[in-house]
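Participant: Chain residues, written in single-letter form:
Number of protein chains: 2
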Amino acid sequence: MADTVLFEFLHTEMVKELWAPHLEPGRVGWKMSLSVLEGLGFRVGQALAERLPQETLAFREELDVLKFLCRDLWVAVFRKQMDGLRTNHQGTYVLQDHSFPLLVPMGSGPQYLEEAPKFLAFTCGLLCGALSTLGFQSQVTASVATLPACKFQVVIQKS
Amino acid sequence: MADTVLFEFLHTEMVKELWAPHLEPGRVGWKMSLSVLEGLGFRVGQALAERLPQETLAFREELDVLKFLCRDLWVAVFRKQMDGLRTNHQGTYVLQDHSFPLLVPMGSGPQYLEEAPKFLAFTCGLLCGALSTLGFQSQVTASVATLPACKFQVVIQKS
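As given, the protein sequences belong to chains A and B, one line each in that order. With full-length UniProt numbering applied, the first sequence covers 1 to 159. With full-length UniProt numbering applied, the second sequence covers 1 to 159.
Just chain A, same shape as in the assembly (with noise of 0.2 Å):
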């Protein structure tokens, strides 16, 4: 009922709230925004994933972490798991979500594709945060090609 839609909700509003590209002229502007939304859901990723049980935590197979994101943090967050979960085996990954619960609400059409990356923001960040609690330091950047389907890439910094 209400609560599967909850979360949704608020970040639509939120994203509207804190979407200000025009406070810095340029590209400057859109980074910010993307940036304040981003490190939102770091913080996000990384207050949740300190909330798993700790056997979860246990594990520390880059590939094994993954997988708990695609499965188990998606489904405490969208209710679904990921769609897909693609290596190259040297710490590249990308995750294929083909109905994104977040950009589902925009339309499908071409003419929402620019406004997508404001959307997929917060998740990046909320994946990276994640990923940051159980010990990966990495870079995620989403990309969508026909909506509401999108990839995560995550590249795992060796350290």
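Which copy is meant is left open, because identical chains are indistinguishable; a pair holds if it fits in one copy or across any two.
SDA-like mimics (lysine to any residue), calculated; alpha carbons at most 20 Å apart, straight line:
#1 16 with 47
#2 16 with 46
#3 16 with 38
#4 16 with 36
#5 67 with 91
By construction, these hints were calculated from the structure, which means they are not laboratory data.
Got chain A; can you put chain B on it based on the hints?
Facilitator: Below, chain B alone, put in the same frame as chain A:
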């Protein structure tokens, strides 16, 4: 598990990000920040109430609507029922939560009292927005005597 706290984490981070009383001097900045959070809550409350089953929208007695907020809406958002509901039977209602989930993380010492309003503004808006969808214009304010307990006062505007 994680999903039960997702809303609370997101709310906390959103408040941190949107709380910017320094942008305007004195009480103006404080009120502007509260107003932004209330507005955001209002829109989420409206959207949540629109998702309620049709039979829910059929009741039109004020007291039934308030009882519904205390029970169903509160459970959907905070996973608990409101602890008390009082009315003067003249359109004023006091909703009491003895341990309001969004105040719990901030500690219970009196030194935190002045921080409380920013953690209540979203929820004041949420109640007001849900009431609006259900056909009632209202003013909602919140007060705290002892953390983490709080009271929401709802005054229904007669048309």
